[in-house]
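Build the full structure now, drawing on both the sequences and the hints.
2 protein chains.
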Amino acid sequence: MDFWQVLEGRRSVRSFNGERDVPSEIVTRLLQAAIRAPSAGNCQPWYFFVVRNQSAKRALAQAALNQWFLSEAPVVIVVCAEPERSAIRYGDRGRRLYSLQDTAAAIENLLLAAVASGLGACWVGAFDEEEASLALDLPSHLRPVAIVPVGYPARRPSLSTDRRRLDAVVKEIE
Amino acid sequence: MDFWQVLEGRRSVRSFNGERDVPSEIVTRLLQAAIRAPSAGNCQPWYFFVVRNQSAKRALAQAALNQWFLSEAPVVIVVCAEPERSAIRYGDRGRRLYSLQDTAAAIENLLLAAVASGLGACWVGAFDEEEASLALDLPSHLRPVAIVPVGYPARRPSLSTDRRRLDAVVKEIE
Chain L
66 MDFWQVLEGR
76 RSVRSFNGER
86 DVPSEIVTRL
96 LQAAIRAPSA
106 GNCQPWYFFV
116 VRNQSAKRAL
126 AQAALNQWFL
136 SEAPVVIVVC
146 AEPERSAIRY
156 GDRGRRLYSL
166 QDTAAAIENL
176 LLAAVASGLG
186 ACWVGAFDEE
196 EASLALDLPS
206 HLRPVAIVPV
216 GYPARRPSLS
226 TDRRRLDAVV
236 KEIE
Chain B
66 MDFWQVLEGR
76 RSVRSFNGER
86 DVPSEIVTRL
96 LQAAIRAPSA
106 GNCQPWYFFV
116 VRNQSAKRAL
126 AQAALNQWFL
136 SEAPVVIVVC
146 AEPERSAIRY
156 GDRGRRLYSL
166 QDTAAAIENL
176 LLAAVASGLG
186 ACWVGAFDEE
196 EASLALDLPS
206 HLRPVAIVPV
216 GYPARRPSLS
226 TDRRRLDAVV
236 KEIE
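Sequence lines, in order, name chains L and B. If you count the first sequence from 1, you need to add 65 to reach the numbering used here. If you count the second sequence from 1, you need to add 65 to reach the numbering used here.
It cannot be assumed that every hint is accurate.
Since the list gives no way to pick one copy over another, a pair counts as held whenever it fits inside one copy or between any two copies.
[Said to hold, decoys possible] In silico EDC-like links for lysine to aspartate or glutamate, alpha-carbon gap of 16 angstroms or less:
1. K236 / E149
2. K236 / E90
3. K236 / D67
4. K236 / D202
5. K236 / E194
6. K236 / E196
7. K236 / D193
8. K236 / D86
9. K236 / E73
Hint data in this document are derived by calculation from the structure and do not stem from the laboratory. Every value quoted in this text rests on a predicted model; they were computed, and no experiment measured them.
And the structure:
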């Protein structure tokens, strides 16, 4: 699939075709895309939980301020940062900046790879981190930074959300 | 260009063909790719400085702990977060997490769009934020989060850096 079409085709998909599962080979392809992201000093401060268990999905939806659509996706990927992996080399800048940026780049790759695979997904950031950690019994060195439901979209994708105009967010220094 | 090829073809490019400029239409295309990134509540907490001025590029290279290769790129894009734009709606989570994630997703889009345009680029995160702000006379509401030199690569791209194996960074919860 053409790169620019994938880029323009990405939407936040929040309703999924409940009849159609996502084969594990395709999930693997999404994860391989995620780990192609660059990371500061190639630390790769990331970890991914692939959740198919229904009660775990429901616990995540609850941690995400009752966003129940989460639990209707066949697969929910919880992306975690490992801040101390970046801090070893970069101290606080690694802990508070690089580990968040690196995982965010991985998430964006994952979302684009979902589009290129005919899937829909959504970056959910609004959740209680402690509750989400409890839901998956996360080890304390991992910080959940996004919950990403993945599935085949239930309907034609919505319109893309508006963007601020380029001239409002760009300045040239000649 | 095929999405998967773009994804696999991305490298950190640190040496540029000094003879070949990057047309402004192509820079615009990269920025349009950047702003296609998702953002929490569609806040779009980003701002981009497109730097072609030689003394500004040198000042940025110096702020980046003397990474002089920066100043050899025809174009240097400084990506800024606007943390308070996300904080209005999301408080501290917007300020310290979403605004960093949203700009990181935009940077990843920009890097991939560079590959799809035959360009090379590099995500530089190691710099003194205050010095970089001074170099561009940034307004205080903008926080520089990455410096991205962009140009045509001087040579065939290097090998991709190693990745941790998928089974070391993924756990399935069935």
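Exercise for review: Pop the pair K236 and E194 into one bin, within, between, both or neither, using alpha-carbon distances up to 16 angstroms.
Suggested key: So K236 and E194 fail the 16 angstroms test inside a copy (36 angstroms) and across (18 angstroms) alike.
Exercise for review: Tell me, please, which holds for K236 and D202 at an alpha-carbon limit of 16 angstroms: within, between, both or neither?
Suggested key: between (46 angstroms within a copy, 12 angstroms between copies)
Exercise for review: Go through the copies and call it for K236 and D67: within, between, both or neither, with a Cα cutoff of 16 angstroms.
Suggested key: neither (29 angstroms within a copy, 31 angstroms between copies)
Exercise for review: First find the shortest C-alpha distance between K236 and E196 inside one copy, then the shortest across copies, and answer within, between, both or neither for a cut-off of 16 angstroms.
Suggested key: neither (41 angstroms within a copy, 19 angstroms between copies)
Practice item. If the cutoff is 16 angstroms on CA atoms, where do K236 and E90 land: within, between, both or neither? Let me know, please. Key: So K236 and E90 pass the 16 angstroms test across copies only (15 angstroms; inside, 43 angstroms).
Review point. Under a CA distance limit of 16 angstroms, which applies to K236 and D193: within one copy, between copies, both, or neither?
Key: Close neither inside one copy (37 angstroms) nor across copies (21 angstroms); limit 16 angstroms.
Check your understanding: Using 16 angstroms as the alpha-carbon threshold, which applies to K236 and E73: within, between, both, or neither?
Key -> neither (23 angstroms within a copy, 31 angstroms between copies)
Check your understanding: 16 angstroms Cα cut-off: does K236 pair with E149 within a copy, between copies, both or neither?
Key -> neither (35 angstroms within a copy, 19 angstroms between copies)
Practice item. With 16 angstroms as the alpha-carbon cut-off, assign the pair K236 and D86 to within, between, both or neither. Key: The answer is neither: 45 angstroms in one copy and 19 angstroms across copies each exceed 16 angstroms.
The structure does not agree with the numbered hints 1, 3, 5, 6, 7, 8, 9 stated previously, though it agrees with the rest.
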